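So you can see what is in the structure, the chains are spelled out below.
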Amino acid sequence: MSRSMQPLALPQVMLAVLRREVSLAMRQKGEVLTPLMFFMVVASLFPLGVGAESNLLLRMAPGVLWVSALLAAMLSLQRMFATDYADGSLEQMILSSTPLGLLVLAKALAHFLISGLPLVLIAPVLGLQFGMDGRAMGLLLLTLLLGTPTLSLIGSIGAALTLGVRGAGVLLSLLILPLYIPVLIFGAGAVEADAAGLDIAGHLSLLAALLVLSLFFSPMATSAALRISVE
Amino acid sequence: MKPQATLTFAKLGCSKGGRELFRNVDYTLSSGQWMYLTGVNGVGKTSLLRMVCGLASIGAGDILWNGQSIHKQADAYHQDLCYLGHLNGLQESMTVTENLTFTTALAGRSITERRIRDVIGRFGLHGRSGQLVRYLSQGQKRRVALSRLALSPARLWVLDEPYVAMDEGGVKMLADLIADHLQHNGLALVTSHQRVPVGDIAPQMLELQPS
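If you read the protein sequences in the order shown, they are chains C and F.
Residues 1 to 231 in the numbering used here are what the first sequence lists, from first letter to last.
Residues 232 to 442 in the numbering used here are what the second sequence lists, from first letter to last.
The shape of chain C in the complex, shown without the other chains (with noise of 0.2 Å):
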């Protein structure tokens, strides 16, 4: 046992959840790809719907990413511990002498890397459909970047809470969505402040703020959710 198993220090074994995930989420590709299409086809309805009226689709344009952002995210939180709970693996994780938090966190960066990085990578393109200029998009593209890594971590609470329970994808979207929020306030209200001209750092600081909180409390609360799920 001695020379061929070292000691893992805790970051490492975060980035072994990490790539874990990561390497399934490459095997089922269709996971990464659906709320990715998902948000190109709702952000791409509203100028269909709305008309094209330039005017009235810029104005509209950050709110409307946002929302569909936010509910394109949520579309894949479901499964975030859900075969980890059929197969067994979320009890060996609560057994492990890992603190649950950190493996949560990691399973929460992991979810923002696989659904949440994508939307903010895509976003300015669909931008380009309502006419947001080159400085719009910038910001648009800084304030998901600040505020998805938040849903995720904020979605994972509600992942955790609903796991095992029948319907939980409807429930998951009526406990998660209000707490969403503010960073759809931040978030959208950043881009359209600038446009009007005003000064957006007290957006942007509130939006890490956000992140900064739910980076600690958010590990915490869904901790407890999933050990009240396995009891």
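Below, in silico cross-link-like pairs of lysine to any residue (SDA-like), each with a Cα-Cα straight-line distance of 25 Å or less:
hint: 1; chain 1: F; residue 1: 242; chain 2: F; residue 2: 285
hint: 2; chain 1: F; residue 1: 372; chain 2: C; residue 2: 21
hint: 3; chain 1: F; residue 1: 233; chain 2: F; residue 2: 304
hint: 4; chain 1: F; residue 1: 247; chain 2: F; residue 2: 442
hint: 5; chain 1: C; residue 1: 29; chain 2: C; residue 2: 122
hint: 6; chain 1: F; residue 1: 372; chain 2: F; residue 2: 345
hint: 7; chain 1: F; residue 1: 247; chain 2: C; residue 2: 164
hint: 8; chain 1: F; residue 1: 233; chain 2: F; residue 2: 353
hint: 9; chain 1: F; residue 1: 242; chain 2: F; residue 2: 260
hint: 10; chain 1: F; residue 1: 372; chain 2: C; residue 2: 25
hint: 11; chain 1: F; residue 1: 372; chain 2: C; residue 2: 24
hint: 12; chain 1: F; residue 1: 233; chain 2: F; residue 2: 403
hint: 13; chain 1: F; residue 1: 303; chain 2: C; residue 2: 220
hint: 14; chain 1: C; residue 1: 29; chain 2: F; residue 2: 363
hint: 15; chain 1: C; residue 1: 29; chain 2: F; residue 2: 326
hint: 16; chain 1: F; residue 1: 233; chain 2: F; residue 2: 416
hint: 17; chain 1: F; residue 1: 303; chain 2: C; residue 2: 229
hint: 18; chain 1: F; residue 1: 247; chain 2: C; residue 2: 224
hint: 19; chain 1: F; residue 1: 247; chain 2: C; residue 2: 94
hint: 20; chain 1: F; residue 1: 303; chain 2: C; residue 2: 231
hint: 21; chain 1: F; residue 1: 372; chain 2: F; residue 2: 286
hint: 22; chain 1: F; residue 1: 372; chain 2: C; residue 2: 97
hint: 23; chain 1: C; residue 1: 29; chain 2: C; residue 2: 168
hint: 24; chain 1: C; residue 1: 29; chain 2: C; residue 2: 79
hint: 25; chain 1: F; residue 1: 372; chain 2: C; residue 2: 23
hint: 26; chain 1: F; residue 1: 247; chain 2: C; residue 2: 228
hint: 27; chain 1: F; residue 1: 247; chain 2: C; residue 2: 225
hint: 28; chain 1: F; residue 1: 247; chain 2: C; residue 2: 86
hint: 29; chain 1: F; residue 1: 303; chain 2: C; residue 2: 227
hint: 30; chain 1: F; residue 1: 372; chain 2: C; residue 2: 26
hint: 31; chain 1: F; residue 1: 403; chain 2: F; residue 2: 381
hint: 32; chain 1: F; residue 1: 233; chain 2: F; residue 2: 432
hint: 33; chain 1: C; residue 1: 29; chain 2: F; residue 2: 362
hint: 34; chain 1: F; residue 1: 242; chain 2: F; residue 2: 437
hint: 35; chain 1: F; residue 1: 372; chain 2: C; residue 2: 88
hint: 36; chain 1: F; residue 1: 247; chain 2: C; residue 2: 227
hint: 37; chain 1: F; residue 1: 372; chain 2: C; residue 2: 18
Quick caveat, the hints were computed from the structure, so don't treat them as lab data.
Fair warning: this is a prediction, and the values are worked out from it, not measured in the lab.
Starting from the structure of chain C, add chain F where the hints point.
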């Protein structure tokens, strides 16, 4: 040789859905001993094992590891615990090697591929290290899950129906593995409907009575 250890149940009780399953169970298990937990269906064997693991909260009384409540030393206790429940804890879309590398990483250790090949070879899974778990049979999946035991430095093994889905050779192999574990100062808690002898080590019987 691992250091000596004891597991103690002190007036342990459990109720589920408002119905009392068992109560006032007093018991002590020491290094080198194994407990054979029996009782009719629904008497609470699995519930008791899940309480021992800390997966379920303790209804009444306490469970002590080396004289201290398990919930007061959760991290240290979990390092000393290896649990095999009804679920194998294997991710179907990953290979045998990936699964075992991940579970050892969870326990805070890295492992070489060579060592994994050795261990699963001992469990009759030669050349299967690169195969997706999805394509293994029930019995083979159980064997992969059991190889976690061989890779774990834990002193306390908690095994819930470990012989399910195993063929005769597998049953014998697991019994030998447990016997070897006990000889190195390990402890084991086993529930099973099959009475399988563990080497020549007599079990400490605990029969749960419905209250």
